[in-house]
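Please take these sequences and the hints and turn them into a complete structure.
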Amino acid sequence: MTRGGRKHSGHVTRAGEEATITAIMSERTPLLHYRLSASVNESEQRETVTAGDEREHRSPATVRRKTAVKQPPKLNTFFGVVIPTLLSMFSVVVFLRIGFVVGQCGLYQTILMLLVAYFIISMTVLSVCAISTNGALDAGGAYYMISRALGPEFGGSIGIMFFLANVCGSALFVLGLVEAILATFGAPEDGSSAISRYAVLPGGYWWSLLYGTVVLLLCLFVCLIGADIYAKATFIIFLIVMAALSIIFISFFAVKPHVINLPNRNSSFGPTEANFTGFKLDTLMSNLQADYTVDYTTNVMMTFATVFAVMFNGCTGIMAGSNMSGDLKNPSYSIPRGTITAVIFTFIIYNLLSLLISCTCGRVLLQKDYSFLRDINVWGPLVTIGVYSSTLSAAMSNLIGASRILYALARDDLFGRALSPAKRTSGSGNPWSSVLISWFLVQLVLFAGKLNTIASIATIFFLLVYAAVDLACLALEWASAPNFRPTFRYFTWHTCVLGIIGCAIMMFLINSIYASASIAFMILLLLLIHYLSPVSSWGCISQALIFHQVRKYLLMLDVRKDHVKFWRPQVLMMVSNPRCSVGLITFINDIKKSGLYVLAHVQLGDLDVLPCDPLQTQYDSWLSLVDHLNIKAFVNLTLADSVRHGVQHLLFISGLGGMRPNTLVLGFYDDAPPQDRLLDSTLSIVKPTENSAQVDDPEDTDDPPFHFPPLRGDRGGKYLGPQEYVCVIADAVKMLKNIALARYFGEFDRTQALTGSVFVDVWPVNLLRPDSAAYVDTCSLFLLQLACILNMTRAWQKARLRLFLCVEAGRSLKGTEHKLGLLLKELRMKAEIRTVPWDAQVALHWQRQTGSESHREEEPESDVGGVEPDTEYANSFQSNTSRVSDEYLQAVNKLILDQPLGPPAVRFLYLPRPPADTSRYHDYLHQLEVLTRDLGPTLLIHGVTPVITTDL
Numbered sequence: 027m028t029r030g031g032r033k034h035s036g037h038v039t040r041a042g043e044e045a046t047i048t049a050i051m052s053e054r055t056p057l058l059h060y061r062l063s064a065s066v067n068e069s070e071q072r073e074t075v076t077a078g079d080e081r082e083h084r085s086p087a088t089v090r091r092k093t094a095v096k097q098p099p100k101l102n103t104f105f106g107v108v109i110p111t112l113l114s115m116f117s118v119v120v121f122l123r124i125g126f127v128v129g130q131c132g133l134y135q136t137i138l139m140l141l142v143a144y145f146i147i148s149m150t151v152l153s154v155c156a157i158s159t160n161g162a163l164d165a166g167g168a169y170y171m172i173s174r175a176l177g178p179e180f181g182g183s184i185g186i187m188f189f190l191a192n193v194c195g196s197a198l199f200v201l202g203l204v205e206a207i208l209a210t211f212g213a214p215e216d217g218s219s220a221i222s223r224y225a226v227l228p229g230g231y232w233w234s235l236l237y238g239t240v241v242l243l244l245c246l247f248v249c250l251i252g253a254d255i256y257a258k259a260t261f262i263i264f265l266i267v268m269a270a271l272s273i274i275f276i277s278f279f280a281v282k283p284h285v286i287n288l289p290n291r292n293s294s295f296g297p298t299e300a301n302f303t304g305f306k307l308d309t310l311m312s313n314l315q316a317d318y319t320v321d322y323t324t325n326v327m328m329t330f331a332t333v334f335a336v337m338f339n340g341c342t343g344i345m346a347g348s349n350m351s352g353d354l355k356n357p358s359y360s361i362p363r364g365t366i367t368a369v370i371f372t373f374i375i376y377n378l379l380s381l382l383i384s385c386t387c388g389r390v391l392l393q394k395d396y397s398f399l400r401d402i403n404v405w406g407p408l409v410t411i412g413v414y415s416s417t418l419s420a421a422m423s424n425l426i427g428a429s430r431i432l433y434a435l436a437r438d439d440l441f442g443r444a445l446s447p448a449k450r451t452s453g454s455g456n457p458w459s460s461v462l463i464s465w466f467l468v469q470l471v472l473f474a475g476k477l478n479t480i481a482s483i484a485t486i487f488f489l490l491v492y493a494a495v496d497l498a499c500l501a502l503e504w505a506s507a508p509n510f511r512p513t514f515r516y517f518t519w520h521t522c523v524l525g526i527i528g529c530a531i532m533m534f535l536i537n538s539i540y541a542s543a544s545i546a547f548m549i550l551l552l553l554l555i556h557y558l559s560p561v562s563s564w565g566c567i568s569q570a571l572i573f574h575q576v577r578k579y580l581l582m583l584d585v586r587k588d589h590v591k592f593w594r595p596q597v598l599m600m601v602s603n604p605r606c607s608v609g610l611i612t613f614i615n616d617i618k619k620s621g622l623y624v625l626a627h628v629q630l631g632d633l634d635v636l637p638c639d640p641l642q643t644q645y646d647s648w649l650s651l652v653d654h655l656n657i658k659a660f661v662n663l664t665l666a667d668s669v670r671h672g673v674q675h676l677l678f679i680s681g682l683g684g685m686r687p688n689t690l691v692l693g694f695y696d697d698a699p700p701q702d703r704l705l706d707s708t709l710s711i712v713k714p715t716e717n718s719a720q721v722d723d724p725e726d727t728d729d730p731p732f733h734f735p736p737l738r739g740d741r742g743g744k745y746l747g748p749q750e751y752v753c754v755i756a757d758a759v760k761m762l763k764n765i766a767l768a769r770y771f772g773e774f775d776r777t778q779a780l781t782g783s784v785f786v787d788v789w790p791v792n793l794l795r796p797d798s799a800a801y802v803d804t805c806s807l808f809l810l811q812l813a814c815i816l817n818m819t820r821a822w823q824k825a826r827l828r829l830f831l832c833v834e835a836g837r838s839l840k841g842t843e844h845k846l847g848l849l850l851k852e853l854r855m856k857a858e859i860r861t862v863p864w865d866a867q868v869a870l871h872w873q874r875q876t877g878s879e880s881h882r883e884e885e886p887e888s889d890v891g892g893v894e895p896d897t898e899y900a901n902s903f904q905s906n907t908s909r910v911s912d913e914y915l916q917a918v919n920k921l922i923l924d925q926p927l928g929p930p931a932v933r934f935l936y937l938p939r940p941p942a943d944t945s946r947y948h949d950y951l952h953q954l955e956v957l958t959r960d961l962g963p964t965l966l967i968h969g970v971t972p973v974i975t976t977d978l
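No gaps in the numbering here: position 194 of the sequence shown is 220 in this note's numbering, and each next residue is one more.
Keep in mind the hints are simulated off the structure, nothing from the lab. Virtual Cβ for every residue (Gly too), placed ideally from N, Cα, C. Heads up, none of these hints are tricks.
Restraint-style ranges between C-beta atoms, simulated for each label pair:
#, residue 1, residue 2, range
1, Ile572, Phe145, 28 to 34 Å
2, Trp519, Gly847, 57 to 63 Å
3, Asp588, His844, 30 to 36 Å
4, Ile572, Leu762, 28 to 34 Å
Shown next, in the form of structure tokens:
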């Protein structure tokens, strides 16, 4: 493009070529700014790209014309940052309140106040410089920095506080200007004769409100035109203020000592005359210590805190430059340099003025006449013009700053439609609607009437914002994010902490009630934005901080220090298709007891023959499912050539450090047709459509936020066979993982299950081994622990645990029941023990066993899995499925179904380990199917690790 441009304009002079290159580069600047910016909406992206395409076909002259039409002029460091910051920091304090501060506090405390105030703002300035040099800034200034660093909730609430701070600041400076006008042209309120022939303006509350309204309308007119005219106006005001300051410094040396007549309204507060002594040691000594008196404008006794609140307003202008970030040519360059320059300059001026005033002005003059600088000046009218100009500029600066913050808030849609009217802009990009809204709120604040009345509120708002900026920088520094590398490096986390502490202390020293109310209001806004859940792509610092802390604590979580007292279930649940697993997913969420919960899925495939990883596009659907079901779970997906290998991968690698799954949950292997529960209106936030095939159509706007494949039909094939299914169970046992097989949870409805009388039945005996009546083995205790955990959750607390004790005739029923009751008491478990005679069922078993007695005796008893055959645990038998007939299993199944008091919400059954002989896996699975047939929601559980202790 540049080469074509030069060819087209080869006959132009060298000056013309430079102008052309400048125009082209200025046209490219928005595109570069877009690439650096972290938050540009899609419409701006399309406009930028379109502009880039059109430039390829346009001549430089056309580019220049389009730049002049579409791009408003940008401000440099001096006009955009230094001048607004200087004028905002001088304003009222330097002309109207510097004598008030020295007269009330004395020179020592004045210097101390300046040191404290500038220490606080210096810490904040360092944070502002660091954040502003860490990437491109957009409109909004401090709000933009905080929101992009701390996220929408914190940024939005602080943004509103900063907006209100600027509104109050603008009203404060307008009232200061009115006070200065009345000090010169105001007639005495008591009707006495005026000292000056210019005192023609009537005084009083309503007249002051009228004057303030007129001044505010002038500020509104300038701000509505735009930032360009504002910059020109502030430059003229800057020249006037500098001239006035120069005359003031000269006057301390040039004006001779003389007596000054105080305004008549001060007669009731003491003398009517005061002295300008010139440089005298006695005057300096009399002004060193504090002497707090009544403020004649508010009739309130002054204290260190109230005076500091007024004086600190001279320091709150440090954000004036950052508020104009959207109107600067290079915000990351201009804001640090301009702000630091203005802060250093104002600090020097304030200290020099305080020293000169202490050496030349009597105490009465400082306390009774806040406009004394005009009376001791070589040419008084210039000071008056300086007062008017500086306060008018500060009022405009705060008004335009408030409008830019409000516009940024509205554009980010943090408050929904509430701020949508503030989005409107003019053709040059000036947010005129935000300016009008800000003007209206400033007008409301003007009803407060007195300058010192709102000084405390404005100061606290600004301090709260400064603390938030420090907090944002501190969070970025502590998060150790690789992308936080600002070019400004003169800060540490210590400076951020000192800034936060200093702001917090001064807030409560100024006014603890206002400070507490401001913090409460900010928290309320934070909760409101969190409830509205605005969608943003800014990134949230909380995620980086959480990652940093979680990594640290995971390293501290030593698996070698695990103890059975603190055991909790950490579940890896295999999900083939979430559409038919909603009931089981929600149930397992209740049973995890604040433990790890991982939803896992195996997709069959080979990455070698695939163009890309097919799992990356599925994570969003799974995470949306977690949010939709309101469960606390992680998601882990894997790609494998078989389901068995995939489960092995997940059992090996799921979790991190000491947080690894110890329990595997599988759905039961049967032929029951799956049902899509995500389409059920009682379980889904999305209404079902008439055509179920549309559910997986990403173009349908009524779709849920997740898209899973449709369920297999009645004749659809499964991804694994019965042999592989039992192999998965055997693999988990070898890895020392507890197993839970869930059956009939496809239609489980948690709400319906918890209606009325709720029972949870536990059968802690190995029903496939009636010759083993052990109730106190590892697996049985694991069943009891899971049932107890379920009963401890809030939703299941009203459920009654029923523990079924299967006994045969000839055994001591009361003795067995008593021992089990003592065990439950020691384990702090509350359950009803019910004895169930099962002689008929056991007889069926032994009748079948008589025919194969000799064959079973000849079968070798090998040691399986390293477990001794003579151990007392029933789950240590090498084959827990030895010759159990279907008649026996059907009888046991009927025994379970026929229990009184109605069916339970869920049953816990003992799951024996798979047989050692892999050829009998089909029989093993068939026995489990017959045993649990038509039982309703049932968990077959096999425990391999001790989970219960009676020790303290």
